[in-house]
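Enquirer: Please build the complete structure, drawing on both the sequences and the hints.
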Amino acid sequence: MFKAEGLPRLSSKELLILDLLAAEQPRYGLELVAQSRGRLKRGTVYVTLGRMEDKGYLESEVEEHRPGAAGLPRRLYRPTAFGLRVHGAWFLLRSQLAWGAR
Amino acid sequence: MAGDPTPDDVLPGTSLHGWLQRLVSPETMRRIVSPVLADYQREMVAVVSIRRVRRTMLGVRWAGSLVLALVLDWVSRPPSGVERRQCGQLWLRVFLACGTVTLLNVAAVMGGGVALRIGSLSAVAEMVLYILPSGLAIGIPCGVLFGSLAMAPAPSGRRRALGLAAVGGAIVVLLLLAFVVPPSNQAYRVVAWGALSAPGEKPAPGKGSREMSFGELREAAANNRLFAAPGDGRRFDAERHRRVALAASCIALVWFAAGLSGTLVAKSLPRRLAATVAVGTVYYVLFEVGTGLFLLRSQGSPAPIWLANVVFLVLGAIIHAAHLRRPSRAPLML
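Going down the list, the sequences are from chains A and B. Add 124 to the 1-based position in the first sequence for the numbering used here, that's all there is to it. Add 272 to the 1-based position in the second sequence for the numbering used here, that's all there is to it.
What the hints contain is simulated information worked out from the structure, not anything from laboratory work. Incorrect hints may have been included.
Between beta-carbon pairs, the in silico distance windows are [as the list claims (entries may be wrong)]:
#1 Val317/B / Ala147/A: 25 to 31 Å
#2 Ser485/B / Arg190/A: 56 to 62 Å
#3 Arg190/A / Thr300/B: 22 to 28 Å
#4 Arg202/A / Ala450/B: 53 to 59 Å
#5 Ala397/B / Pro191/A: 54 to 60 Å
Straight-line distance between alpha carbons at most 20 Å, and here's what the computed SDA-like set of lysine to any residue pairs gives [as the list claims (entries may be wrong)]:
#6 Lys179/A / Leu134/A
#7 Lys179/A / Pro298/B
#8 Lys179/A / Thr204/A
#9 Lys179/A / Thr300/B
#10 Lys179/A / Gly212/A
#11 Lys137/A / Arg303/B
#12 Lys165/A / Leu154/A
#13 Lys137/A / Leu217/A
#14 Lys137/A / Lys165/A
#15 Lys179/A / Arg302/B
#16 Lys479/B / Ser456/B
#17 Lys179/A / Arg303/B
#18 Lys179/A / Met301/B
#19 Lys165/A / Ile304/B
#20 Lys165/A / Tyr312/B
#21 Lys137/A / Ile304/B
#22 Lys179/A / Phe206/A
#23 Lys179/A / Gly130/A
#24 Lys137/A / Arg202/A
#25 Lys165/A / Arg175/A
#26 Lys179/A / Glu299/B
#27 Lys137/A / Arg218/A
#28 Lys179/A / Ile304/B
#29 Lys165/A / Arg303/B
#30 Lys137/A / Ala147/A
#31 Lys165/A / Met316/B
#32 Lys165/A / Glu315/B
Where a beta carbon is used, it is the ideal one built from N, C-alpha and C, also for glycine.
Expert: What follows is the structure in structure tokens.
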């Protein structure tokens with residue numbers, strides 16, 4: 125059985141997060157949950173985001189603390205260049221597989 | 273974590289954040305705890321803000337609905353065509369009396385040969401325009417007084433119309449005296465000065481107390497208390513209180529006239545007209561006496577300026593109470 129050692133792996137949740145982040149501006153965790161229409165869960169999204177940071181797909185920064193804003197500053201996530209390349213590759217693979225299946 | 277700004281103390285999660293900083297590794301704080309708490313705190317703040325806006329909107333909606341219901345009630349209440357006609361007659365009388373007194377005021381101010389001396393029709397027309405608001409401020413209380421006196425007391429539809437005339441008149445007069453009359457009076461003085469004096473003569477006169485806004489009156493009164501004779505500031509204080517008292521006169525006069533029309537005044541219109549002139553004159557005299565009493569003393573409360581209103585409110589209360597004591601009588605006003 126072929127095993128793609130060293131190739132970047134992308135779970136369905138991670139792919140979904142990259143889908144959401146690739147198109148738009150940086151987003152925070154709960155925003156991604158809201159955008160995913162139930163496919164991402166509140167309880168797991170932060171762990172997934174942390175893992176994607178470890179893999180180098182995402183980078184994050186704390187938003188600027190505006191004067192008068194209440195609460196802790198949110199952490200905003202955006203895809204790295206590597207993450208976008210992986211996302212593009214997976215998109216291409218998906219379309220190729222879909223073409224091959226016809 | 274060192275990089276995290278201090279969280280807002282009032283929000284839930286703040287203490288938890290503090291505790292977890294001691295228990296959890298900085299990396300976990302950065303990756304999980306801080307983002308989770310930040311997102312939930314912001315979500316809560318957003319929800320609270322929306323709730324606050326919704327509560328305000330709800331309040332406004334309720335108040336608006338209440339006002340609408342009251343207005344609809346007022347409009348639709350007179351049960352018979354006769355009552356509706358009578359309410360229409362009230363408003364017609366109010367407007368006619370108000371217009372007449374306003375025009376008389378304008379004529380009185382423009383009298384004394386001022387218009388003849390000016391000679392320029394456009395300047396006269398401009399002056400009439402500028403003096404109209406102050407005439408109207410006196411005409412409205414006279415109008416509601418006559419309308420109330422000329423109206424037979426009673427059923428609920430008419431009582432509501434009287435209440436509307438009193439409160440509406442007071443609001444309009446106060447708005448006129450606060451925002452419209454002072455600048456238009458000053459404009460009148462400037463036009464009259466320009467028309468009556470030769471070019472290059474002395475500059476137009478500065479503002480008197482009746483040409484000042486409420487803010488200017490307050491400022492002038494404070495300055496005069498500090499730098500001039502003690503009594504001078506009283507003129508400005510007096511003018512402020514006179515404006516509010518004059519607006520309130522609509523309520524006092526309607527209250528009094530509603531009682532009087534049901535008990536003392538005969539039905540004929542000429543007698544009611546005579547009663548209006550008599551009541552108006554008494555009110556005016558009391559008003560001026562009260563102002564004089566206020567100005568006589570260098571200190572003290574503005575209560576004397578309210579003398580006329582208090583007298584008419586008390587007299588009205590006595591008449592209404594006497595009316596209610598009689599058996600099988602409906603309230604005149606309440």
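Enquirer: Against each hint, give a clear statement of whether it holds in the structure.
Expert: Here is how each hint holds up against the structure:
Range check, Val317/B to Ala147/A: about 27 Å between beta-carbon atoms, so the 25 to 31 Å window is met. Taking the beta carbon of each, Ser485/B and Arg190/A are about 38 Å apart, not inside 56 to 62 Å as hinted. The supplied range of 22 to 28 Å is met by Arg190/A and Thr300/B, whose beta-carbon atoms lie about 26 Å from each other. Under the hint 53 to 59 Å, the C-beta atoms of Arg202/A and Ala450/B, about 56 Å apart, fit the expected range.
At about 56 Å, the CB distance of Ala397/B to Pro191/A agrees with the hint of 54 to 60 Å. Distance restraint check for Lys179/A and Leu134/A: the Cα-Cα separation of roughly 10 Å lies within the 20 Å cut-off, and the hinted pair is therefore satisfied. Between Lys179/A and Pro298/B the CA atoms are separated by roughly 19 Å; this keeps the pair inside 20 Å, and the hint holds. Between Lys179/A and Thr204/A the CA atoms are separated by roughly 10 Å; this keeps the pair inside 20 Å, and the hint holds.
The suggested pairing of Lys179/A with Thr300/B holds, with an alpha-carbon distance near 16 Å, which does not exceed 20 Å. Between Lys179/A and Gly212/A, the direct Cα distance comes to roughly 16 Å. Compliance with the 20 Å bound is thereby established for this hinted pair. As the CA atoms of Lys137/A and Arg303/B are separated by approximately 17 Å, the hinted pair is consistent with the 20 Å bound. Restraint check for Lys165/A and Leu154/A: satisfied, since their Cα atoms lie roughly 9 Å apart, inside the 20 Å limit.
Restraint check: the Cα-Cα separation between Lys137/A and Leu217/A comes to about 17 Å, which is no more than 20 Å; the hinted pair holds. Distance hint between Lys137/A and Lys165/A is fulfilled; the C-alpha atoms sit about 10 Å from each other, no more than 20 Å. For the suggested pair Lys179/A and Arg302/B, the alpha carbons sit about 16 Å apart, so the restraint of at most 20 Å is met. At most 20 Å may separate the alpha-carbon atoms for a hinted pair to count; Lys479/B and Ser456/B meet this at roughly 11 Å.
A threshold of 20 Å between alpha carbons decides the hint, and for Lys179/A with Arg303/B the separation of about 13 Å falls inside it, so the pair holds. Straight-line distance between C-alpha atoms of Lys179/A and Met301/B comes to about 18 Å, which keeps the hinted pair within the 20 Å bound. Between Lys165/A and Ile304/B the CA atoms are separated by roughly 14 Å; this keeps the pair inside 20 Å, and the hint holds. This hinted pair checks out: Lys165/A and Tyr312/B have alpha carbons roughly 14 Å apart, not beyond 20 Å.
Between the alpha carbons of Lys137/A and Ile304/B the distance comes to roughly 17 Å, so the proposed pair stays at or under 20 Å and holds. A C-alpha spacing of about 10 Å is found between Lys179/A and Phe206/A, which places the hinted pair at or below 20 Å, so the restraint holds. For the hint linking Lys179/A to Gly130/A, the alpha-carbon distance of about 12 Å falls within 20 Å, and the restraint holds. At most 20 Å may separate the alpha-carbon atoms for a hinted pair to count; Lys137/A and Arg202/A meet this at roughly 15 Å.
A C-alpha spacing of about 15 Å is found between Lys165/A and Arg175/A, which places the hinted pair at or below 20 Å, so the restraint holds. Restraint check for Lys179/A and Glu299/B: satisfied, since their Cα atoms lie roughly 15 Å apart, inside the 20 Å limit. As the CA atoms of Lys137/A and Arg218/A are separated by approximately 15 Å, the hinted pair is consistent with the 20 Å bound. Between the alpha carbons of Lys179/A and Ile304/B the distance comes to roughly 16 Å, so the proposed pair stays at or under 20 Å and holds.
Proximity of Lys165/A to Arg303/B is assessed by CA-CA distance (about 17 Å); at most 20 Å being required, the pair is judged to hold. A distance of roughly 16 Å separates the Cα atoms of Lys137/A and Ala147/A; the hinted pair therefore holds under the 20 Å criterion. A hinted pair counts as satisfied when its Cα atoms are at most 20 Å apart, and Lys165/A with Met316/B qualifies at roughly 18 Å. For the hint linking Lys165/A to Glu315/B, the alpha-carbon distance of about 16 Å falls within 20 Å, and the restraint holds.
Hint 2 from the list above is the single one not met by this structure.
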